[in-house]
Amino acid sequence: MGSAPPKGRVIWVSGPAVKADGMSGARMYEVVSVGEDRLIGEVIKLQGDTAFIQVYESTSNLRPGEPVEGTGRPLSAALGPGLIGSIFDGLQRPLNLIADMVGPFVKRGVSVPSLPMGKKWHYVPAVKPGDEVEGGSVLGIVQETPILEHRVLSPPDLPRSRVVQAEPEGDYDLEHPVVTVEGPRGREELRLYHYWPVRQKRPYRSRLPPTVPLLTGQRVLDTFFPLAKGGTAAIPGGFGTGKTVTLHQLSSWADAKVVVHVGCGERGNEMTEVLVKFPELKDPYSGRPLMERTVLIANTSNMPVAAREASIYTGVTIAEYYRDMGYDVLMVADSTSRWAEALREISGRLEEMPAEEGFPPYLASRLAEFYERAGRVEVLGRPERTGSVTIAGAVSPPGADFTEPVTTHTLRFVRVFWALDTGLAYSRHYPAINWMLSYSGYLDSVQGWWEGNVDKDWRYLRDRAYEVLQREDALKDIVRLLGPEALPDEEKLVLDVARLLKLGFLQQNAYDPVDSYASPRKQVALLRLFVEFYNRALDALDKGARIEDVRATKVASLLPRLRYEVPEDQLERLEEVRKQLHAEFDALLSGVVKEVV
Amino acid sequence: MSSWGGVEYSSIREIRGPLMVVEGVDRAAYDELVEIELQSGERRLGRVLETGLGMAVVQVFEGTTGLSTRGLRARFLGKVLEMPVSPDVLGRVFDGLGRPLDGLPAPVGESRLDVNGSPINPASRDYPEDFIQTGISVIDGMLTLVRGQKLPIFSGSGLPHNMLAAQIARQATVRGGEEFAVVFAAIGVQHDEAEFFRRSLEESGALKRSVLFLNLADNPAMERIMTPRVALTVAEYLAFELDMHVLVILTDMTNYAEALREISAAREEVPGRKGYPGYLYTDLATIYERAGRIKGKKGSITQLPILTMPSDDITHPIPDLSGYITEGQIVLSRELHRKGIYPPVGVLMSLSRLMKDGIGEGKTRADHQEVSNQLYDAYSRAVDLRTLAEIIGRGGLSEVDLKYLEFGDAFERTFLSQSYNENRSIERTLDLAWEVLSILPEGELTKVKRANIEKYYRGRREGG
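First to last, the sequence lines map onto chains A and B. If you're matching positions, the first sequence starts at 1455 in the numbering used here and goes up one per residue. If you're matching positions, the second sequence starts at 9 in the numbering used here and goes up one per residue.
Derived from the structure by calculation, the hints contain no laboratory data. Just so it is clear, CB atoms sit at the ideal spot from N, CA and C, and this is done for glycine as well. Keep in mind that the hints are not guaranteed to be accurate.
Stated by the list, open to error - Computed footprint of chain A on chain B, listed as stretches where at least three residues anywhere in the stretch have a Cβ under 8 Å from a Cβ of chain A:
(1) 27-40
(2) 282-292
Unchecked claim - Below, a list of computed lysine-lysine pairs in the DSS-like style, where the Cα atoms sit at most 30 Å apart:
(3) LYS1997/A with LYS1956/A
(4) LYS1731/A with LYS371/B
(5) LYS1561/A with LYS457/B
(6) LYS364/B with LYS1736/A
(7) LYS305/B with LYS371/B
What the hints assert, rightly or not - Computed Cβ-Cβ distance ranges for the label pairs, DEER-style:
(8) MET63/B with GLY1640/A: 50 to 56 Å
(9) GLU1810/A with SER48/B: 23 to 29 Å
(10) PRO113/B with LEU1500/A: 18 to 24 Å
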């Protein structure tokens, strides 16, 4: 293999797919520069000295004969302070810098550094000469944003070495060598940032079980279908079912230290919305603007298709980097279907043999690899730390058909399934998460956390409420044929309570300042009201009360409103409602008992 | 478009469908414009879809009928398709490739723009949030359109989508009274439909601030690939160079997608669903995403694409993929149309994603969002109960259920229905909404805060 990067020429162009000859010595997934405009591409197939290249920028006007040059390195992300608060394209180019350079329309062949190279950061060292460091060790601290302490890490592949020189506390730019080490590879200078190939997962020491929930402030998710830190979730839904709104809610309210939000092949205005809203929205845990913990990657639907694929990997690599500092990171990918379609398009142009619906046969293995990069782990290096990457991916099934390949393959590799339902969306039940189809594989593993930290009755309340919803689902068919009036009172009560749960608990208005976020305490306190209402009403019916009496209670008309009428700082009002509930049923019963006597 | 320079070739290897394979080509650029001269002297245009050493696949816009592998000359023009623009484009009529149809000379370009455009940098976009009053209750009240949005009309054959679009084009204003420039692109529609639009623009006096691009049903199908792009190029010029607010109407996107399928089939590509190419989503996005606002620019592009759903099927790839890209959809309902209701908007399937930021205090009225939520909730319940009532009869329904049925009918008759010439203010629309909501008992209005119930509810209040 020649050591100099190959130099070839374009021999064929069809959309984002390009063939070049004279490329002997090129490696798979090596980054190449294509044509006179120096478009960025990546080698995805080699045959003799012909390389198949997917080009990340528009190939309009590219001609056979133009030069192709290898760079000798795989597609890599630059990892260091300055990531937070940025908006990048799929290749980690800062979009605001591109706008400054070429105006509001994205042009081709723009070369900009991923991180602000000239900016000075205040660095506090964590190692001194003589200390031993290894891959992933903390070298020092930089305050990246008011809420994020950036731990400067040695590259994960650094062998065990000894610090021979360490800069004192001071202001340094990214290129300044802050630590010099000596080890098996000789003398190495370490800086505030390093590169990591995006297609390769960053190593860690060991995996930990997912026992801590990733709270989202969304009642139907946290209470009924919880996600765990280090877990994986898929959220499929047809258009208009609220995928994007739900994912924005996750990015806004998740109790993660860092959120990486990847807009992959979606709408431009949605990314703008995040850019406009996140600096205004406050993180409920720190009270600081959400942008101070967020990294945005935007490769919108009209931007070149191949870069969608890169955006997913760039995103998860940045997520892993913050995990390695010892933080809980949430990565949101909207939408993985567009990434799969990018694979399909390139594969089709290369005339590869298709599997289901034209998707390439390696779709499943690519999805599996991606979701496997989630996890709660003990990270490399010193001191010992744990961190997690949680992945939530949207899926956009054509025609809202969950049997299509991307959805079915994704479900094989994720443990939480939040199914968005077109019917619920049409009746404006948001979030339109279908409680009969959805599931969470973490229910048992996070039970301990909820019962230890929030309320010992959590699982009972959750299961009791879910039982009502299940019974309602079974009764629905009968109601459709006979009407609700034909049912006995006890079953009418099930329908009533299910309706109350839908209005007052499952539905959550993302745009209402009070309702948008519900703390674990509020969730449990609300749920307890519905369950106790059900239990008391059941008991009252049993003792001779009529369903009309139950419906006439004041508390029944109160329950649907509490979610948006009781703010977080007045949760004691829920306790008052609870007293009122019991008082009303006591009164009802004494009336009933008198009648019987 | 006259020929200018370029390299000429005459060795045609193959002609199939709309495609022509030219041999011996040295260095054709991907997407390059090609001028083809027939023996008769007739000239056609095409563009390069695939290029290799010594070979180029060319898509011929005017179709390949009458082409022969001999006696043709293909001239590679060294540029992509461009549209000359200047302020004089207003009031003009062009064909599907941007050539004048009104007998006047081509606009003397201040500049010539690549019709493919470039993606707007997401970091340069400004978030759309200016309420557009269309004067149509169901849209203003429940599916609010904002400046810079792309909101398609999903229709079916025979439904009055053209009337609705024309009514919007005629009545749309923003508060402060600014008017829209209208860019209208007819993509494979019948002559009468295009004429209906032209007349409607003329009658309202909007023609002089409109630009029309006409690719009619009997014009070459391959031109349709370029028609929306040419139209949007002019729209971008008007919006971002001349600071105008532009309303773009594209009708009918189904014809566009079919032309795309034809090319894909001729290229023997692996098909996705229903024979449409796997890149249909990406391709549609390069059209729909050319809407919006840009920071620091005064103008905006609001898109109103119209597409007819084959056999009224919303899961068909064209509406389905469009819905994933656009910011909502206005779905027309055949059932409502049969009932004689205009506009027959099936509100439950319709949605405007950008509504929330365009309404409320200072923009429309403080109760707007809650009223809209309540209308959706109540109407959806009314529709469910209608089905139930058909099976078990009204006798099996409770008192409250019957009120919902009454509400459902009043909603369709009073709120939804209006005439083609009726222009309702947003206040009138919201008052009408309260009028029909007041049929329901107060306790049912769970989506409205108490303060607004006290202010607007007109039904019988429950004790205190």
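Structure-based check of all given hints:
Counting residues of the segment 27-40 of chain B whose C-beta lies closer than 8 Å to any C-beta of chain A gives 7; at least three are required, and the coverage claim holds. Coverage of a stretch by a chain is defined here by at least three residues with a beta carbon nearer than 8 Å to that chain's beta carbons; for the segment 282-292 of chain B and chain A the count is 4, and the condition holds. For the given pair, LYS1997/A sits about 27 Å from LYS1956/A by alpha-carbon distance, which is consistent with the 30 Å threshold. Among the hinted pairs, LYS1731/A with LYS371/B is consistent with the structure: their alpha-carbon atoms are about 18 Å apart, no more than 30 Å.
The hinted pair formed by LYS1561/A and LYS457/B fails the criterion: a straight-line CA distance of about 49 Å is larger than 30 Å. A hinted pair counts as satisfied when its Cα atoms are at most 30 Å apart, and LYS364/B with LYS1736/A qualifies at roughly 20 Å. Between LYS305/B and LYS371/B the alpha-carbon distance is near 21 Å, which keeps this suggested pair within the 30 Å criterion. The beta-carbon spacing between MET63/B and GLY1640/A, approximately 52 Å, falls within the hinted interval of 50 to 56 Å.
Between GLU1810/A and SER48/B the CB atoms are about 48 Å apart, so this pair departs from the stated range of 23 to 29 Å. Roughly 54 Å separates the CB atoms of PRO113/B and LEU1500/A, a value that falls outside the hinted 18 to 24 Å.
Hints 5, 9 and 10 from the list above are not met by this structure, while the remaining hints are.
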